[in-house]
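Residue numbers for the sequence shown follow UniProt numbering, so the first one is 1 and each next one is one higher.
What the hints contain is simulated information worked out from the structure, not anything from laboratory work.
Treat each hint with caution, since some may be false.
When the alpha-carbon atoms are kept at most 16 Å apart in a straight line, the in silico EDC-like pairs for lysine to aspartate or glutamate are as follows [as the list claims (entries may be wrong)]:
(1) K165 - E74
(2) K165 - D98
(3) K142 - E95
(4) K165 - E141
(5) K142 - E164
(6) K142 - D98
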Amino acid sequence: MQKTSDPACPGRIPFSFELYPARTDAAASALETTIERLAAAGPDFLSVTYGANGSSRRSSLDVLSRILRTTNVEAMAHLTCVGSTHEEANRLIREFLDAGVRSFLALRGDPPAGAKEGEAFLGDFGSAAELVQLIHRVQAEKSPYRESIIPGIPAARAVKPGREKVRIAVAAFPNGHPRSRSSAQDIDTLLAKQAAGANLGITQLFFHADDYLCFAQRAREAGVLFPLLPGIMPVTSPARLRRIIELSGEPMPSDLSIRLEIEPTKEGQREIGIQHAIDLAGQVIAGGAPGLHLYAFNEHETVLEVLGGCGLLTAPVSAPTKLPATV
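Work out the full structure, taking the sequences as your base and the hints as a guide.
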């Protein structure tokens, strides 16, 4: 495939990847390789999804623990709160913190099909902002302060100002949340998350650069201060595009859809999807995006090709030397 090398992507632009827990033994083995290859590229973090109502809690924690144990990359845990009590969420946050996780993506999550807002079984949380506050509160209780060694006095410790902070990302919606009444409400929700203590935003998928750039500008003008990472996925088949649209509620990108549908070969469809992601990444970086968040779909080859195509990989990625399993 002829790839472009976009001059809008020079130097060290931060990037990160999203993964999900494997559902079969074969997929779990492939995921281990994907983690190694993605970690070798030098991402800021690897995020791991969390199933609705905690359906993948154990497997999510296993993947996060593997990232922390075998790589030097920060692991970000997704957390949803729909259907959870404060007690359940508190216990889950402590479990992740005890495992060494210090980055979270706080999500409210989608109510079950047929459920209505305000029904009791949707849990104690009305918004992701409330989950952000709880994560900070649990972390403050676990680590109220930090200590440092006093040189020359081995048994003594000094209390350092401040406490260990956690990174808490939240979702942002360039084309509007499905339950939002207006674009202004989407920005107000983002400001509420910021007030609760969120310090990073990651966007829902979008397919045109202006979707992200216009949204980011409106957010900045409204007072959103934390970085807004554009979320991009290489869409390499018509079936995958249709599934993404079904799950996300995003408008169908007719230009990409037509190109994928009329291409007769899988190899050609893959090239179209990767080149579209390369072009999209270059455009948002040129427009001022602070980095990229790539939805890897548990496949390292495509997202690494995207980074390479817009000049963000300085050398070919090879499998890294693993850290000892006991680390």
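Now for the hints, and whether the structure bears them out:
no.: 1; hint: K165 - E74; verdict: holds, 14 Å
no.: 2; hint: K165 - D98; verdict: holds, 15 Å
no.: 3; hint: K142 - E95; verdict: holds, 11 Å
no.: 4; hint: K165 - E141; verdict: holds, 12 Å
no.: 5; hint: K142 - E164; verdict: holds, 10 Å
no.: 6; hint: K142 - D98; verdict: holds, 9 Å
Taken one by one, the earlier hints all hold for this structure without exception.
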